[in-house]
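A.B. asks: With chain A fixed as given, assemble chains B and C with the ligands onto it according to the hints.
So the sequences go chain by chain: A, B and C.
Numbers in the numbering used here are just positions in the first sequence, counted from 1, shifted up by 5.
Numbers in the numbering used here are just positions in the second sequence, counted from 1, shifted up by 236.
Numbers in the numbering used here are just positions in the third sequence, counted from 1, shifted up by 240.
Simulated from the structure, these hints should not be mistaken for laboratory data.
Ideal placement from N, C-alpha and C gives every residue a C-beta, glycine not left out.
Just to be clear, a hint being listed does not mean it is correct.
Stated by the list, open to error - To list a few chain C residues with every Cβ distance to chain A over 10 angstroms, as calculated: (1) 242; (2) 245; (3) 246; (4) 261; (5) 265; (6) 305; (7) 307; (8) 324; (9) 325; (10) 326.
Unchecked claim - Covered stretches of chain A (in silico footprint by chain C; criterion: 3 or more residues with CB under 8 angstroms from a CB of chain C, positions within the stretch not fixed): (11) 60-71; (12) 327-336.
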Amino acid sequence: MSSGIDTLRLTAEEALALVDSGEVSSAELWQAYRDAINEHDGELHAFLTLVDEPEGNGIPIALKDVISTRGVRTTAASKILENYVPVFDATVAAKCRAAGMTLLGKTNTDEFAMGSSTENSAYGPTHNPWDLTRVPGGSGGGSAAAVSAGLAPWALGSDTGGSVKLPSAFCGNVGLRPTYGTVSRFGVVAFASSLDQVGPVTKNVRDNALLYRIISGRDENDSTTVDVPPVALPEGTDLKGLRIGLPRQLNEVEGIEPGVKAACEAALAKAEELGATVEECDLPLSVEYGLACYYLVAPAEASSNLARYDGVRYGLRSEGADFREMVMHTRHDGFGDEVKRRIMLGTYALSSGYYDAFYASAQKVRTVIKREHDALFERFDVLVSPTCATTAFPLGAKSQDPLAMYLTDVLTIPANMAGLPGLSIPCGLSEGLPVGLQIVGPQFSESTLYRLGHALEQAIGFDVVPERLR
Amino acid sequence: MSITWEPVIGLEIHVQLKTETKMFCRCRNGFGGDPNTQTCPVCLAFPGALPVPNRRAIEETIKLGLALECSIADRAVFHRKNYFYPDLPKAYQISQYDEPLCADGRLVVPTADGEVEIGIVRAHLEEDAAKNVHVAASGRIHGATATLVDFNRGGSPLVEIVTAPNIHSSDVAKRFLQLLRQTVVELGLSEAELDKGSMRFDVNVSVRPLGSDELRTRTELKNMNSFNFAAKGIEREIARQIKIYENGGTVDQETLHFDPTAEESAPMRSKEEAQDYRYFPEPDLVPVHPAPEVIEALRSQIGELPTARIRRIANTLSFYDADVLVTGGLDRLWAAVVDGGADPKEAANVLANSFVASGIDPDAVNPAELTKLVIARSEIPRGVFDEALAKVGEPGFSADPYTAQKAVSDASALEPIIAAIIEANPGQVEQYRGGKQGLLGFFVGQVMKETGGTADARVVSELVREQLGA
Amino acid sequence: MAITKEEVLHVARLARLELNDAEVERFQGQLSAILEAVSKVAELDLTDVPPTSHPLEVSNAWGEDIPHTSLTLDEAFANAPDRDDDHFRVPPA
Ligand SMILES: [Mg+2]
Ligand SMILES: [Zn+2]
Numbered sequence: 006m007s008s009g010i011d012t013l014r015l016t017a018e019e020a021l022a023l024v025d026s027g028e029v030s031s032a033e034l035w036q037a038y039r040d041a042i043n044e045h046d047g048e049l050h051a052f053l054t055l056v057d058e059p060e061g062n063g064i065p066i067a068l069k070d071v072i073s074t075r076g077v078r079t080t081a082a083s084k085i086l087e088n089y090v091p092v093f094d095a096t097v098a099a100k101c102r103a104a105g106m107t108l109l110g111k112t113n114t115d116e117f118a119m120g121s122s123t124e125n126s127a128y129g130p131t132h133n134p135w136d137l138t139r140v141p142g143g144s145g146g147g148s149a150a151a152v153s154a155g156l157a158p159w160a161l162g163s164d165t166g167g168s169v170k171l172p173s174a175f176c177g178n179v180g181l182r183p184t185y186g187t188v189s190r191f192g193v194v195a196f197a198s199s200l201d202q203v204g205p206v207t208k209n210v211r212d213n214a215l216l217y218r219i220i221s222g223r224d225e226n227d228s229t230t231v232d233v234p235p236v237a238l239p240e241g242t243d244l245k246g247l248r249i250g251l252p253r254q255l256n257e258v259e260g261i262e263p264g265v266k267a268a269c270e271a272a273l274a275k276a277e278e279l280g281a282t283v284e285e286c287d288l289p290l291s292v293e294y295g296l297a298c299y300y301l302v303a304p305a306e307a308s309s310n311l312a313r314y315d316g317v318r319y320g321l322r323s324e325g326a327d328f329r330e331m332v333m334h335t336r337h338d339g340f341g342d343e344v345k346r347r348i349m350l351g352t353y354a355l356s357s358g359y360y361d362a363f364y365a366s367a368q369k370v371r372t373v374i375k376r377e378h379d380a381l382f383e384r385f386d387v388l389v390s391p392t393c394a395t396t397a398f399p400l401g402a403k404s405q406d407p408l409a410m411y412l413t414d415v416l417t418i419p420a421n422m423a424g425l426p427g428l429s430i431p432c433g434l435s436e437g438l439p440v441g442l443q444i445v446g447p448q449f450s451e452s453t454l455y456r457l458g459h460a461l462e463q464a465i466g467f468d469v470v471p472e473r474l475r
Numbered sequence: 237m238s239i240t241w242e243p244v245i246g247l248e249i250h251v252q253l254k255t256e257t258k259m260f261c262r263c264r265n266g267f268g269g270d271p272n273t274q275t276c277p278v279c280l281a282f283p284g285a286l287p288v289p290n291r292r293a294i295e296e297t298i299k300l301g302l303a304l305e306c307s308i309a310d311r312a313v314f315h316r317k318n319y320f321y322p323d324l325p326k327a328y329q330i331s332q333y334d335e336p337l338c339a340d341g342r343l344v345v346p347t348a349d350g351e352v353e354i355g356i357v358r359a360h361l362e363e364d365a366a367k368n369v370h371v372a373a374s375g376r377i378h379g380a381t382a383t384l385v386d387f388n389r390g391g392s393p394l395v396e397i398v399t400a401p402n403i404h405s406s407d408v409a410k411r412f413l414q415l416l417r418q419t420v421v422e423l424g425l426s427e428a429e430l431d432k433g434s435m436r437f438d439v440n441v442s443v444r445p446l447g448s449d450e451l452r453t454r455t456e457l458k459n460m461n462s463f464n465f466a467a468k469g470i471e472r473e474i475a476r477q478i479k480i481y482e483n484g485g486t487v488d489q490e491t492l493h494f495d496p497t498a499e500e501s502a503p504m505r506s507k508e509e510a511q512d513y514r515y516f517p518e519p520d521l522v523p524v525h526p527a528p529e530v531i532e533a534l535r536s537q538i539g540e541l542p543t544a545r546i547r548r549i550a551n552t553l554s555f556y557d558a559d560v561l562v563t564g565g566l567d568r569l570w571a572a573v574v575d576g577g578a579d580p581k582e583a584a585n586v587l588a589n590s591f592v593a594s595g596i597d598p599d600a601v602n603p604a605e606l607t608k609l610v611i612a613r614s615e616i617p618r619g620v621f622d623e624a625l626a627k628v629g630e631p632g633f634s635a636d637p638y639t640a641q642k643a644v645s646d647a648s649a650l651e652p653i654i655a656a657i658i659e660a661n662p663g664q665v666e667q668y669r670g671g672k673q674g675l676l677g678f679f680v681g682q683v684m685k686e687t688g689g690t691a692d693a694r695v696v697s698e699l700v701r702e703q704l705g706a
Numbered sequence: 241m242a243i244t245k246e247e248v249l250h251v252a253r254l255a256r257l258e259l260n261d262a263e264v265e266r267f268q269g270q271l272s273a274i275l276e277a278v279s280k281v282a283e284l285d286l287t288d289v290p291p292t293s294h295p296l297e298v299s300n301a302w303g304e305d306i307p308h309t310s311l312t313l314d315e316a317f318a319n320a321p322d323r324d325d326d327h328f329r330v331p332p333a
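So here's chain A without its partners, still in its complex pose (with noise of 0.2 angstroms):
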């Protein structure tokens, strides 16, 4: 670190007083976290993309590559949008550039956001700043490499089902789903847009605050927007007052670690000392039924907003004699394996016959885990569980077996079906690996989701740094 900045412990508020008082210049600190990526970005591949002359005077940001962002290549991972380059920015990534901060790159993520590992991507896997050998989580898995290796004080992902959340909760940083609706996905490549949010991926809960409040509030070009007041910056650890539900299906899930569960005790634990009620509760049905909800909406709504890659205007093109030969050819060479049975998948769900069964049922099973959510928001301010059941997994353990891939999302996709905001932090190890600690409320609770984790980052002390690169 020849220019005497420790980008692994900077936080984002910390560089932001550094650049505010000129004590270090904009470009400076660009440079700074420009050479951890140089250092350590051969090992970890976060990035896929670097861009070499920064503009603005603000600090460094890394943003998930399904962000459109004007004259830099956005490729969502995919070979279709290999050289593709927007000619306009993604509101989020507009918002960001008017606060002065500076583009480092596009980091890595799952092929058009799909999947739980970061594996799927078209340009090869991230690995885990904690243990190379295992998955960052994904399908943000390079924002949250990114962050928590040092490459970035902050970084922006996109959460459909977990792509925050998860990955955030591998690599041992704070990760937010917003409220759907209170961050604009205009330019966001799509993937789901009922269920597609973008959220702040850093190393600590105030951090994530500072990013949500710029990038949240309603977009003239998203008709899903809705305005909201600035969120709280949160302070203090006092919980008084706090009403704490413990979902059982969450937290006893079939699976789950012994690891992860005595972690995610402990935090309760410090909930309580700190002065909020912990209560078990129920929500049978969102959690036995929304993996098999998730997984027809989303393909449903992929299957339509991916059919957009015919090669006509943009992306790849392979030959074909005709112009219907020339789009299956190019969808067949594009797209990588997991995003052809979404849209199989997602195709068949809306198709004749079977749209009553798959996908008008999977719309009324929305309607069954909104309604078993806002019931137990009537007694609780707040439900926690697990992010994951197990901490990071190894490279390749599940890429041959697309259900149990799928499987590594059943405790963050529920909250995400109704629409919820949902936090996860770092509170604790086990076997060596990060811990998330789920946190959900009801739509528009980002503050009071930020008053929780921020007095469990104090009591817990997480150390964010991953013990190899200390």
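C.D. replies: The following block gives chains B and C with the ligands in isolation, referenced to the frame of chain A:
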């Protein structure tokens, strides 16, 4: 005993709204731009772009719905209709499906034999496709070597109006279309120009034995762009189907392309697989809830509609004249001319014949000047009247110089000319006197020619008859 | 809930995905397993349950009818695989 057959006709009409901007982006809507200069990330379907509905398009559709006596939905939803084609950049059309903006209306069509009520099943809003140009040596689609796409029209707002299958003659179908077109134009929604494609329609035709209420297999005539062709195509299709049934055959459900020069309508190329549009609610958009006060405000903007005016004017004139005046958009001018003191029938004759043929925009005419012309019509030479009428739409037009040229009706001036002509044409005189009365016109014509058209034709004809005796 | 080879091919055609024999075989097995799992949604009695297609209860989001600046031709064609002067060119449709 032979069966009497009853035709069953349903219409599906697309009308392009003349809003300033497109349906889901704010690119300019309308003709005239160079190819692909009215495009943006939304209407080119770049990754991440999202639709934002055009408020005016929604309101104008509601207005049309009100004019068609539809009920306006309390909640309307956009759906996606999925299919691949080069002119459909998202590979889905945003349209409306089971929750359209307007439903269950009617349009009363006055006819010479009384009024016919045509049911309106629905009127909904959707986006237009772009324009494909098929490039080929032979200029025919089948020999095309490439397709070129211009996305300027892509995403223009279209209203689709679907009638109930309760039209039972080609004449009523034609009158309905004329009346609908006039309604749309008067509401200011669209130019509805058939030759420019801003109004297009498909016709469904079947036949059944008179008195039965069954619905037999129907065929669809696509891409109609003329009211007369529609009537002709319907007649031809009715005859074809009757012939098939009378020969003991069955009608196949198919789509026919109407070619007015051919003897029969050719089936369109069948699709390689049955269409399955996989409609589902557009997740990038939220429902439309038209506010009651907005609906009332729109209702108050609707004036007396064409049907009511035909009904009213037919009390003064014949049904035929009333129909021509109203569906030709001439009745307001007619009323002004009558108010100015012209004879109603005389005014109608002028407007429905010479004026229509001249193609002058009625709105460009100063009614007071036209009134003077109509009143003076019988007293000025025909040639002068025609000349004046041709200029009546010019700015600053005054009828006075024309009405001052009274026709020559003075017998003492005309008699010598007539005498000379009789003398110069002894052969015709002999034939006339031998009983060929039709030759009167010949002599009158000669006189008019000799006088340069200034003679009063009625007086001339009396004088000629007098001089020829017999 | 097994999916047949023909159904795999039908769905792939609808979605415009060319598949070779090995891919059809592979996806048939995988999709059958996934469909088996997701068909769970049909177990519940959902008779009186309305569908949720959107997690937020919002309506009437629209824009005013005022033109914005469109892209330049260079921007519109920046990523085009085949540009023919001022048109996008594709094989014959
Ligand atoms: Mg239509
Ligand atoms: Zn546009």
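A.B. asks: State for each hint whether it applies.
C.D. replies: Taking the hints in turn, this is what the structure says about them:
At the 10 angstroms boundary, the C-beta of residue 242/C stays outside the reach of chain A, the nearest C-beta of that chain being 12 angstroms off. Remark: the non-interface label on residue 245/C is consistent with the geometry, its nearest Cβ contact in chain A lying 13 angstroms away (cut-off 10 angstroms). Every CB of chain A lies more than 10 angstroms from the CB of residue 246/C, the least distance being 13 angstroms, so the non-interface label holds. With a minimum CB-CB distance of about 13 angstroms to chain A, residue 261/C clears the 10 angstroms threshold, and the non-interface call stands.
Every C-beta of chain A lies more than 10 angstroms from that of residue 265/C, the closest at about 13 angstroms, which supports listing it as non-interface. At roughly 14 angstroms from the closest C-beta of chain A, the C-beta of residue 305/C stays outside 10 angstroms, upholding its exclusion from the interface. For residue 307/C, the shortest C-beta to C-beta distance to chain A comes to about 15 angstroms, beyond the 10 angstroms cut-off, and the non-interface label holds. Look at residue 324/C: its CB is around 12 angstroms from the nearest CB on chain A, clear of 10 angstroms, so calling it non-interface holds up.
With a least CB separation of 15 angstroms from chain A, residue 325/C remains clear of the 10 angstroms interface cut-off, as annotated. No beta-carbon of chain A comes within 10 angstroms of the beta-carbon of residue 326/C; the shortest separation is about 14 angstroms. For the segment 60-71 of chain A, the stated coverage by chain C is violated: 0 residues have a C-beta nearer than 8 angstroms to a C-beta of that chain, whereas at least 3 were required. Chain C is given as covering the segment 327-336 of chain A, and this holds because 9 residues of the stretch bring a CB closer than 8 angstroms to a CB of that chain, at least three being needed.
Violation of the numbered hints given earlier is confined to hint 11; every other hint is satisfied by the structure.
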